[in-house]
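S.K.: Residues 48 to 349, numbered by the numbering used here, are exactly what the sequence shown covers, in order.
To be clear, the hints were calculated from the coordinates, so they are not data collected in a lab.
Watch out, some of these pointers could steer you wrong.
As a list, the in silico SDA-like pairs of lysine to any residue whose alpha-carbon atoms are at most 20 Å apart [stated by the list, open to error]:
hint, residue 1, residue 2
1, LYS290, SER254
2, LYS164, SER175
3, LYS81, LYS133
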Amino acid sequence: MSITLHRLIVVCLLLTLLPGQAQSDTFEAENIEKRTLAFAQRDSTLYLDFYQKKGDTAVRPCVIFIFGGGFAVGNRDKRAYHSYFKNLVNRGLKVASIDYRLGLAGIYDEVGIFNTKPLGTAIDMAVSDLYEATAFLLSNLDTLGVAPNHIIVSGSSAGAITSLQADWYLKNTHELSRILPADFTYAGVISFAGAIFSTKGKPRYQSPPSPTLLFHGTDDKTVPYTQRRLLNKGFFGSAILAKHYLKEGYPFFLVTEQEASHSIAVSAMDERLDEILQFIGSAVLNKPHFQKEITLFPIQGK
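Produce the complete structure using the sequences and hints provided.
M.R.: Okay, structure coming up:
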């Protein structure tokens, strides 16, 4: 964990500031409507952008999306995410891209190997806000046409950490999860370069995690593919989580890209759409019990 937390935050910050993909700011051409709704009042009002096909009154699965940015920067409407939202909506889902409080905004340089408290606090703030957004959806099922048993959580980088952390907390009855109904569970988790932050060693679950789809590059220097720790404190990445899930018989799908960097946190949303839709169709909607790992290798000379 010696290089760790500074690099996590700084590189995430830089990635988030890269130009988005060149595409239209409007969803009109795809016949997709976007509504911006307030879901919580913190220091300021938190909003979510709700996407669905125009005039769609059917009850459908919903993907809650959490943006990346090192818990210091970022926004729910970053253009680089738009094609992901469009692809999901065009295949019969609804999407809620949410705000969350940026707990490391302006203080990321205070985080270090011997001072991880600000990071833990920032993650908990994001998880708490995700739970608030989830509770909002559950309170407005009829209005929004969301299937309560088919709410999926998905995130990129810091958002992927938030997604995995939220499911871990929920399955261990963490106090932050008490805002949600006792019988609620996410139908699935889709993590683009994520990890779980633990101060008690490798994460363990009181009850099985939701079916989880993990995308990660082996050369990720921002969020570790394996782990980055000092004693019991640190980040436990996709490879470590998948190993534990395999041992315990938990359902998961790990997609490893050899030699890939942290850029997979965004690129996989478009490049690995087939795996995403396969996961949603099988693990989330049909619910077979499966464990699957695939490894992708770069083409030499490319």
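S.K.: Would you mind marking each hint as holding or not holding in the structure?
M.R.: Against the structure, the hints:
no., hint, result
1, LYS290 to SER254, "17 Å, holds"
2, LYS164 to SER175, "16 Å, holds"
3, LYS81 to LYS133, "11 Å, holds"
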